[in-house]
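Chains P and L are the protein sequences, given in the same order.
Residues 1 to 302 in my numbering are what the first sequence lists, from first letter to last.
Residues 1 to 270 in my numbering are what the second sequence lists, from first letter to last.
Calculated from the structure, these hints are not laboratory results.
Quantities reported herein were computed from a predicted structural model and do not represent experimental measurements.
Glycine residues also receive a C-beta, built at the ideal position from the N, C-alpha and C atoms.
Hints are not guaranteed to be accurate.
To be verified - Listed next, the stretches of chain L that the computed footprint assigns to chain P, with coverage defined by at least 3 CB atoms under 8 Å from CB atoms of chain P:
id : region
1  : 53-65
2  : 243-252
Said to hold, decoys possible - The following label-pair restraints were derived from C-beta to C-beta distances:
id : chain 1 : residue 1 : chain 2 : residue 2 : range
3  : L       : T246      : P       : Q210      : 21 to 29 Å
4  : L       : C217      : P       : L63       : 32 to 40 Å
5  : P       : K225      : L       : S42       : 27 to 35 Å
6  : L       : S56       : P       : P170      : 30 to 38 Å
7  : P       : F88       : L       : P159      : 39 to 47 Å
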Amino acid sequence: MASLETRIGMLHLKNPVMPASGTFGYGEEFAPLFDLNELGAIVSKAVSLHPRPGNLPPRLVELKSSLLNSIGLQNPGAEGFLREKIPFLEGFEPPLIVNVVGNGIEEYQEVVEKLDECPRVDGFEINLSCPNVKRGLEFGTTHSGVERITTALRQSTRKPLWVKLSPNVPDPADLGKAAEGAGADAIVAINTLGGMAVDIEKKRPILGAQFGGVSGPAVKPVALKIVWNLYKHLTIPVIGVGGIMNGRDAIEFLMAGATAVQVGTANFINPCAMIDILREIRSWMDSHEVGRLEELIGAAHP
Amino acid sequence: MPHLHHSCQEQAALFQPVIADIQDYSRGLFLLALEDLPEGFSFKAGQFVHIRVSSSDHPLLRRPISIQRVHQGRLELLIREVGVGTQLLHLSKPGDRLDVLGPLGTAFSPIQPGERVLMAGGGVGVAPLLAVIDQAAVGAAGDLCYGVSTASEIQELDPFQRKDCFFTFHFSTDDGSRGHQGFCTDVARLLAGKQVYNRIYTCGPWIMMQKVFEIACGAGLPVEASLEVQMGCGLGACLGCVYQSTDGEFIRSCIDGPVVDGYTVEWERA
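Full structure from sequences and hints, please.
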């Protein structure tokens, strides 16, 4: 049977499938439905220094083959995360990557340093790109911004540091290079695409926060191209995310250059999506006589 | 936190039942009966199932539907065709399989023997209230103000005529074709004035539930309301279905609801 093992820097994952931050909470809600130990890694919902209430509703708009959301990083804060969520997560084996957000470099550093001491935390995913928080974009959109924050956080932890990029920039690969140069262990691409929807009867934006992020099957080609370019220009691993609904989608990302994949919106439609995707990848590899996952990574590049 | 009964998400299962029967009422209202449920499937009145309506990417999200009854291995759901998702459900045929997640969410407080509860349901909103009657303890009592547009929307109610309880149905229709001509809240207001109730339960359009809340305030009674908000995952993970409580907190309608203490809801909204 095919081996799905993959490696992100110093982290060994038994398979390449993990949740996209914000679509899986902290795992508790899905635990009754499947064994979280089946996952390659667990990526938490964003954690900020202090609790955040999130954005005013409505927070979701269902679009054709996509979803517009403006949750606004509602979370219990770093202390709350350690107190309320870590005990549950200690019951599972997959590496835990904590998605971190902040209002400034100092806040990102404070969160990382607070969580760095927790042995259950295996790494950090730096959210530089959430379209639902104004300040997030400031760091995430310029070469020097990404460089500065990655450099600072590299000093705050020796654990794996992943940088999650925004697609809402002219040249994501350039930002990937900035993160790589500043010591990031991997790049996660992509976050949601900025978007909005209008209620034509009320003559107002539908989302309480006006703007949100678009995810789901419709964004897959955008994400694939960015992953492709990052793979071409970087040496550190790329984790692909954007509209993966099934095993074939995941294999597309692997062939475009992703070393692992994150599944987001699909978790809302099928809570066992990640397990189904894993099974589909495995059976595709078996039927195509692919013995090891790494044979697929970047395979579409000439 | 407006927890009534703690959510029972840990009992939630993902399953693929078969459509046994679709019974049509008027104005896009239909009763969907599903068979081939997981072993021992049960629910608490007020809980819902989250149904995938398309195997393609459109519509993307599941649709939350309150459970009306589980009887002799059949899960019964009262649904109104209001958009593309419910339209697809209506177009499905006996023998088709659906992808169902549930039961999910909070429940109405069960009615105990000797208690009397006033209920007001509008349209498909009667479904979880009929479930309350179905599950009430022997000797429980209450009045259900059943509001629809026209008489042909009223279901066959024999299954809910319990001889071991004391429930009365009070119909109201917009066109006067059955019962009171007007809103079910008109009837509820009169009944509430009798001061014989322990609590009020409601499910229906927001504006209707807001009126029921005002009636409850006027009568000084507790009120439990089943909220209808667009949902994402239905499991409490995405935080997409929140409503704002009176103390400014964002409450997830899928897991902290759909049945919530009416006094915690900010009923006035833009």
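Going through the hints against the structure:
1. Look at the region 53-65 of chain L against chain P: 6 of its residues bring a Cβ nearer than 8 Å to a Cβ of that chain, three or more, so the hint holds.
2. Judged by the Cβ-Cβ criterion of 8 Å, the region 243-252 of chain L is covered by chain P as claimed, because 5 of its residues qualify and three suffice.
3. Our hint of 21 to 29 Å for T246/L and Q210/P holds, since their Cβ atoms are close to 24 Å apart.
4. A beta carbon spacing of about 39 Å between C217/L and L63/P agrees with the range 32 to 40 Å that was offered as a hint.
5. Checked against the hint of 27 to 35 Å, the pair K225/P and S42/L fails, with Cβ atoms roughly 49 Å apart.
6. Between S56/L and P170/P the beta carbon distance is about 33 Å. The supplied range of 30 to 38 Å therefore holds.
7. Between F88/P and P159/L the beta carbon distance is about 41 Å. The supplied range of 39 to 47 Å therefore holds.
Going through the hint list in order, the structure does not satisfy hint 5, though it satisfies all others.
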